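Chains as they are written, first to last, in the working numbering: chain A, 72 to 247; chain B, 72 to 247; chain C, 5 to 258.
Keep in mind that a hint or two might mislead.
As the list claims (entries may be wrong) - Among chain B residues calculated to face chain A with C-beta under 8 angstroms, some are:
#: 1; residue: I77
#: 2; residue: V81
#: 3; residue: E121
#: 4; residue: S137
#: 5; residue: R147
To be verified - Simulated crosslink set (SDA-like; lysine to any residue; CA at most 20 angstroms straight-line):
#: 6; chain 1: C; residue 1: K202; chain 2: C; residue 2: Q240
#: 7; chain 1: B; residue 1: K220; chain 2: C; residue 2: S126
#: 8; chain 1: B; residue 1: K156; chain 2: C; residue 2: E27
#: 9; chain 1: A; residue 1: K73; chain 2: B; residue 2: R138
#: 10; chain 1: B; residue 1: K220; chain 2: C; residue 2: A130
#: 11; chain 1: B; residue 1: K73; chain 2: A; residue 2: L145
#: 12; chain 1: B; residue 1: K156; chain 2: C; residue 2: E133
#: 13; chain 1: B; residue 1: K73; chain 2: B; residue 2: K104
#: 14; chain 1: B; residue 1: K73; chain 2: A; residue 2: E120
#: 15; chain 1: B; residue 1: K73; chain 2: B; residue 2: P91
#: 16; chain 1: C; residue 1: K202; chain 2: C; residue 2: L238
#: 17; chain 1: B; residue 1: K73; chain 2: A; residue 2: Q125
#: 18; chain 1: B; residue 1: K73; chain 2: B; residue 2: Q112
#: 19; chain 1: A; residue 1: K73; chain 2: B; residue 2: E116
#: 20; chain 1: A; residue 1: K220; chain 2: C; residue 2: T159
#: 21; chain 1: B; residue 1: K220; chain 2: C; residue 2: E131
#: 22; chain 1: B; residue 1: K73; chain 2: A; residue 2: P143
#: 23; chain 1: A; residue 1: K220; chain 2: C; residue 2: N161
#: 24; chain 1: A; residue 1: K73; chain 2: B; residue 2: P139
#: 25; chain 1: C; residue 1: K197; chain 2: C; residue 2: V237
#: 26; chain 1: B; residue 1: K220; chain 2: C; residue 2: A132
#: 27; chain 1: B; residue 1: K73; chain 2: A; residue 2: R138
#: 28; chain 1: C; residue 1: K209; chain 2: C; residue 2: V188
#: 29; chain 1: C; residue 1: K200; chain 2: C; residue 2: L247
#: 30; chain 1: A; residue 1: K73; chain 2: C; residue 2: L136
#: 31; chain 1: B; residue 1: K220; chain 2: B; residue 2: Q195
#: 32; chain 1: A; residue 1: K220; chain 2: C; residue 2: L158
#: 33; chain 1: C; residue 1: K197; chain 2: C; residue 2: F207
#: 34; chain 1: B; residue 1: K73; chain 2: A; residue 2: A142
#: 35; chain 1: C; residue 1: K197; chain 2: C; residue 2: W248
#: 36; chain 1: A; residue 1: K220; chain 2: C; residue 2: I160
#: 37; chain 1: B; residue 1: K73; chain 2: A; residue 2: E118
#: 38; chain 1: C; residue 1: K89; chain 2: C; residue 2: T56
#: 39; chain 1: A; residue 1: K73; chain 2: C; residue 2: H137
#: 40; chain 1: A; residue 1: K73; chain 2: A; residue 2: E93
Since the hints were made in silico from the structure, they are not lab data. On a predicted model such as this, the values are computed, not experimentally measured, just so you know. Every residue, glycine too, gets a C-beta built ideally from N, C-alpha and C.
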Amino acid sequence: MKTTRIVEAVLFASETPLTPAEIARASGDLSAKEVEEAIGQLCREYEVEERAFQVYPLGDGYQILSRPEFAPYLERFDSITRTNKLSRAALETLAIIAYRQPVSRLEVEEVRGVSAAGVLRNLQERGLIEVVDRAEGLGRPMLYGTTTKFLDHFGLRTIDDLPGPENLEIALRSGE
Amino acid sequence: MKTTRIVEAVLFASETPLTPAEIARASGDLSAKEVEEAIGQLCREYEVEERAFQVYPLGDGYQILSRPEFAPYLERFDSITRTNKLSRAALETLAIIAYRQPVSRLEVEEVRGVSAAGVLRNLQERGLIEVVDRAEGLGRPMLYGTTTKFLDHFGLRTIDDLPGPENLEIALRSGE
Amino acid sequence: MRLPTPVSSQVLEDGDRFLIELERFQGPLDLLLHLIRCQDIDIFDIPIAEITAQFVAAIEHVEQHLTLERAGSFLEMAATLVRIKAQMLLPRRGDLLDDEDPRSELVRRLLEYEVFREVAYSLADAEAERALHRGKGYIEPRPPRRMPELPLELTINELLEVAMSLPAPPEKRPHRAPVRPVTVDEKIELWFKALKRKTRVQFGKFIGRWKTRIHAVMSFLACLELAKRGRVVLRQDRHFGTLWIYPSEDDENS
Chain A
72 MKTTRIVEAV LFASETPLTP AEIARASGDL SAKEVEEAIG QLCREYEVEE RAFQVYPLGD
132 GYQILSRPEF APYLERFDSI TRTNKLSRAA LETLAIIAYR QPVSRLEVEE VRGVSAAGVL
192 RNLQERGLIE VVDRAEGLGR PMLYGTTTKF LDHFGLRTID DLPGPENLEI ALRSGE
Chain B
72 MKTTRIVEAV LFASETPLTP AEIARASGDL SAKEVEEAIG QLCREYEVEE RAFQVYPLGD
132 GYQILSRPEF APYLERFDSI TRTNKLSRAA LETLAIIAYR QPVSRLEVEE VRGVSAAGVL
192 RNLQERGLIE VVDRAEGLGR PMLYGTTTKF LDHFGLRTID DLPGPENLEI ALRSGE
Chain C
5 MRLPTPVSSQ VLEDGDRFLI ELERFQGPLD LLLHLIRCQD IDIFDIPIAE ITAQFVAAIE
65 HVEQHLTLER AGSFLEMAAT LVRIKAQMLL PRRGDLLDDE DPRSELVRRL LEYEVFREVA
125 YSLADAEAER ALHRGKGYIE PRPPRRMPEL PLELTINELL EVAMSLPAPP EKRPHRAPVR
185 PVTVDEKIEL WFKALKRKTR VQFGKFIGRW KTRIHAVMSF LACLELAKRG RVVLRQDRHF
245 GTLWIYPSED DENS
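Go ahead and model the full structure; you've got the sequences and the hints to work with.
Below, the structure written as structure tokens:
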């Protein structure tokens, strides 16, 4: 199997940048240097064939990404922009945490009636919530609160600036 | 921008099969027919260039997937989508549903001679089958059918691509 | 250090060999087909007595081990086989051409099941072939998946609206459990329980499970009450030393 093709398969299957050393793990007899050469070859091929994607260096790794000129088409496309919209579950969880922080996973689950582990992890990865404390008592459960990024997103200075129920009508009207 | 490139960008960015109609949404002046043609063009290009990936038809959609001969190389990496193989009970149940759909739980149980409740729930949770209708008569039992995800899981284009032995006709007729 | 033998291999009895065998089969039809096919028997002329005997032998130990539901399906088939066997013994009126063979319904079911069993094997092949094609994102993100840095689509109004639609917050934690009166009688019961299988109990240990003083006081009063009734003996070697409670001798047999 040609080295270039193996490297292409690995780069294709990965959604995050991989270093040449990591890519070399695909085959027992592959060196990082050979991988670098193969990447150079792929770059030239994609260039010549005018593919919609290209191999880009990112940090100390490489990733195949679509060319910037296709961004408008991808943005039109639901499934690609959808990733930035919070799911209903994430939204509810975020609302609970924003208004009741610091709260434990258990409290979130009590309100929503379903497991919250996955949603909490997701919100944490997005940098919208973080562990702010640990509760007293059995197992010392982690307590979650919102982050500075969360405040930034809404242009709030402190969590006390969050609108209260008295603003709801106004908020709803202005949201129309 | 050439249609083929736009289609390529969208297919490349997607992690699930997309129908031509869905892909056409990427651009205002793109028809499903043009998308189909572009996909045909991409298939030929990847073939000629011996790319490590190919555009595969799955259900009524298309997805870029790595070629099977690269599977051993990719397996050396940690994967998030561990392909969990279906049990024999699940496969037998799917076989019956695929050929007899829409079919009730009772019918599945009669053919296999064992209870089907657990397997059906499991298959439904995995999105491989769904309730497509309700039968007439007592209790209006739910009738099951296979989903697009079922076709994707087995790499099938349509239900007619299902592998079947020659004597299947007999079994199908006796089911009437 | 030697590791303890896994429990499972200790409890394996003879009968479990059948169980393991049976686990391989999807159900009674699967087992029956196996018996027929591996002995090269003509499915349209099944020697019903022989097959019934083999089937029953295979499931003999089913009842104890398989779940009721699974066992039921095997037993039901055994009953069907026995019934067919009986019908075969009855003299049949040869003058009627459409006099159906008692085995025919079973044969139809077996053939039907066999077809779908075949399809299931084909599906397994198709599944394995499909699994060789990997999509984008197959390789696990490293470093761990970062969410796209694109702006989040969410307005403060939406957040507020959702917050307001949620059920009222649960009562502020920690919950205060309603105060329950602690009684001497209750502690007496507990002392009896604690002393039942022991020769002596340390007072400190006994009250250790409760954190409040009222329990210690009531437990002590209970001790004194029991000592007065002659049911226990209290021993303490020195002032503020360990207090031991022994069941009294004549209480041993009660």
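Structure-based check of all given hints:
With a least beta-carbon distance of about 5 angstroms to chain A, the hint placing B/I77 at the interface is held under the 8 angstroms criterion. Contact between B/V81 and chain A, as hinted, is supported at the beta carbon level, the nearest pair being about 6 angstroms apart and thus within 8 angstroms. Taking 8 angstroms as the C-beta contact cut-off toward chain A, the hint placing B/E121 at the interface holds, the least distance being around 7 angstroms. Checking B/S137 against chain A: minimum C-beta separation of about 5 angstroms stays under 8 angstroms; hint holds.
Interface hint status for B/R147: upheld, as the beta-carbon distance to the closest one in chain A is roughly 6 angstroms, under 8 angstroms. With a C-alpha separation of about 18 angstroms, the suggested pair C/K202 and C/Q240 falls inside the 20 angstroms cut-off, and the hint holds. A hinted pair counts as satisfied when its Cα atoms are at most 20 angstroms apart, and B/K220 with C/S126 qualifies at roughly 18 angstroms. The suggested pairing of B/K156 with C/E27 holds, with an alpha-carbon distance near 18 angstroms, which does not exceed 20 angstroms.
Restraint check for A/K73 and B/R138: satisfied, since their Cα atoms lie roughly 14 angstroms apart, inside the 20 angstroms limit. Between B/K220 and C/A130 the alpha-carbon distance is near 14 angstroms, which keeps this suggested pair within the 20 angstroms criterion. Taking the CA atoms of B/K73 and A/L145, the gap is about 15 angstroms. The hint holds against a cut of 20 angstroms. Using a Cα cut-off of 20 angstroms, the hinted pair B/K156 and C/E133 holds, with the two alpha carbons roughly 12 angstroms apart.
Of the pairs offered as hints, the one joining B/K73 and B/K104 holds, with about 15 angstroms between alpha carbons and a cut-off of 20 angstroms not exceeded. The straight-line distance between the Cα atoms of B/K73 and A/E120 is roughly 13 angstroms, inside the 20 angstroms bound, and the hint therefore holds. Restraint check: the Cα-Cα separation between B/K73 and B/P91 comes to about 16 angstroms, which is no more than 20 angstroms; the hinted pair holds. Straight-line distance between C-alpha atoms of C/K202 and C/L238 comes to about 14 angstroms, which keeps the hinted pair within the 20 angstroms bound.
Proximity of B/K73 to A/Q125 is assessed by CA-CA distance (about 17 angstroms); at most 20 angstroms being required, the pair is judged to hold. Under the criterion of a C-alpha separation no larger than 20 angstroms, the hint pairing B/K73 with B/Q112 is consistent with the structure, at around 12 angstroms. For a cut-off of 20 angstroms, the pair hint linking A/K73 to B/E116 stands: about 18 angstroms separates their Cα positions. For the proposed pair A/K220 and C/T159, the alpha carbon gap of about 14 angstroms is at most 20 angstroms, so the pair holds.
The straight-line distance between the Cα atoms of B/K220 and C/E131 is roughly 12 angstroms, inside the 20 angstroms bound, and the hint therefore holds. Pair hint B/K73 plus A/P143 holds up; C-alpha atoms about 14 angstroms apart against a cutoff of 20 angstroms. As the CA atoms of A/K220 and C/N161 are separated by approximately 17 angstroms, the hinted pair is consistent with the 20 angstroms bound. At roughly 15 angstroms between alpha-carbon atoms, A/K73 and B/P139 fall within 20 angstroms of each other, so this suggested pair holds.
This hinted pair checks out: C/K197 and C/V237 have alpha carbons roughly 16 angstroms apart, not beyond 20 angstroms. Under the criterion of a C-alpha separation no larger than 20 angstroms, the hint pairing B/K220 with C/A132 is consistent with the structure, at around 16 angstroms. Between the alpha carbons of B/K73 and A/R138 the distance comes to roughly 14 angstroms, so the proposed pair stays at or under 20 angstroms and holds. For the given pair, C/K209 sits about 18 angstroms from C/V188 by alpha-carbon distance, which is consistent with the 20 angstroms threshold.
For the suggested pair C/K200 and C/L247, the alpha carbons sit about 18 angstroms apart, so the restraint of at most 20 angstroms is met. Distance restraint check for A/K73 and C/L136: the Cα-Cα separation of roughly 18 angstroms lies within the 20 angstroms cut-off, and the hinted pair is therefore satisfied. Between B/K220 and B/Q195, the direct Cα distance comes to roughly 11 angstroms. Compliance with the 20 angstroms bound is thereby established for this hinted pair. The suggested pairing of A/K220 with C/L158 holds, with an alpha-carbon distance near 13 angstroms, which does not exceed 20 angstroms.
For the given pair, C/K197 sits about 14 angstroms from C/F207 by alpha-carbon distance, which is consistent with the 20 angstroms threshold. Only pairs whose Cα atoms come within 20 angstroms are accepted, and B/K73 paired with A/A142 is accepted, the gap being roughly 14 angstroms. Straight-line distance between C-alpha atoms of C/K197 and C/W248 comes to about 16 angstroms, which keeps the hinted pair within the 20 angstroms bound. This hinted pair checks out: A/K220 and C/I160 have alpha carbons roughly 14 angstroms apart, not beyond 20 angstroms.
For the hint linking B/K73 to A/E118, the alpha-carbon distance of about 15 angstroms falls within 20 angstroms, and the restraint holds. Restraint check for C/K89 and C/T56: satisfied, since their Cα atoms lie roughly 8 angstroms apart, inside the 20 angstroms limit. With a C-alpha separation of about 18 angstroms, the suggested pairing of A/K73 with C/H137 holds against the 20 angstroms cut-off. This hinted pair checks out: A/K73 and A/E93 have alpha carbons roughly 18 angstroms apart, not beyond 20 angstroms.
Comparing the model with each numbered hint stated earlier shows that all of them hold.
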